[in-house]
Amino acid sequence: MKIKAICPASCGELLQGVIGTSEKLISYPVDMYAAVTIEESKNPIRPINRKKAVEGMYKTLEHFGMPRCIGDTFSVEVVSQIPVAKGMASSTADIAASIMATATLLGKEINNDELGKLCVAIEPTDSTIFPTLTLFDHLKGIRIESYDWIPRLNVLVLESEKILDTQDFRKNDYTRERLENQNKVEEAYRIFQESCSVKDITGLGKAATLSSLTNQSILPKDKLEEIIDSVLALGCYGVNVAHSGTVIGILYDKEVVDVEVVKRRFSSMGVFDSYHRNFITRIVEGGAKIIESK
68 MKIKAICPAS CGELLQGVIG TSEKLISYPV DMYAAVTIEE SKNPIRPINR KKAVEGMYKT
128 LEHFGMPRCI GDTFSVEVVS QIPVAKGMAS STADIAASIM ATATLLGKEI NNDELGKLCV
188 AIEPTDSTIF PTLTLFDHLK GIRIESYDWI PRLNVLVLES EKILDTQDFR KNDYTRERLE
248 NQNKVEEAYR IFQESCSVKD ITGLGKAATL SSLTNQSILP KDKLEEIIDS VLALGCYGVN
308 VAHSGTVIGI LYDKEVVDVE VVKRRFSSMG VFDSYHRNFI TRIVEGGAKI IESK
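Those letters in the sequence shown? Residues 68 to 361, per the numbering used here, in order.
What the hints contain is simulated information worked out from the structure, not anything from laboratory work.
There are no misleading hints in this set.
Computed list of lysine to aspartate or glutamate pairs in EDC-like fashion (alpha-carbon distance at most 20 Å, straight line): (1) K69 x E176; (2) K175 x E107; (3) K251 x E261; (4) K118 x E144; (5) K321 x D98; (6) K238 x E90; (7) K184 x E212.
The task is simple: from the sequences and hints, build the whole structure.
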């Protein structure tokens with residue numbers, strides 16, 4: 068039997084930081100995917116550079132109380148469109164898709180909250196595992212609140228040559244900075260909540276921009292302030308960042324903003340000296356889904 072599941076990327080987070088008593092985040096899914104295939108095999112094959120997908124498979128067996136040796140007969144294949152070590156949830160997508168595919172192969176069901184717990188047992192996890200925008204404790208695996216909104220926005224992604232492993236980054240102690248930033252992050256979350264209640268994209272962009280600027284004291288992004296000023300002047304809704312990664316997302320509506328004009332402005336500003344690659348994506352529904360079973 069062979070099962071294939073997919074899970075989307077994110078382009079960083081709309082917001083991240085201490086809210087209440089713990090650190091939380093809201094990621095947003097974009098239309099780039101990791102696909103994981105789990106297949107029963109006499110000669111199982113494993114990807115050398117995608118060990119977290121394999122770990123997700125074994126973690127699923129453990130969750131359902133099944134012996135680890137069952138997993139020794141499963142091949143794991145990962146095909147991903149998602150840049151690695153940039154803050155685009157590549158590992159989250161690998162792990163979540165692997166867990167979903169493995170559970171289905173075992174004839175088991177797993178809900179989104181269980182999925183979050185299993186993913187976090189492997190590493191800090193983005194909220195792209197949920198269908199809609201979700202406030203998530205990415206360290207404890209607790210879903211705080213999901214919002215019934217998938218904003219139909221386009222995203223111009225700015226990708227630098229820098230890479231950053233999330234787990235290595237988490238080894239640094241930014242407790243003081245996060246506590247100093249708490250009031251601004253909570254303000255960003257308040258704006259986000261108000262925006263969600265009335266489906267206000269302008270407010271959503273404002274919340275994301277505030278959180279991105281606040282995170283400069285922890286993981287600064289080159290030319291962020293200049294980028295924000297220029298895109299707001301051109302009619303974009305706001306800017307978000309990968310709070311533990313290197314990408315920047317420009318949030319806009321393609322019916323309102325000519326993205327080529329934005330790119331020309333960036334070129335004249337020297338933005339592409341810091342961000343060697345750019346591409347366009349869009350916000351989509353999140354969650355790990357089965358796309359093939361045979």
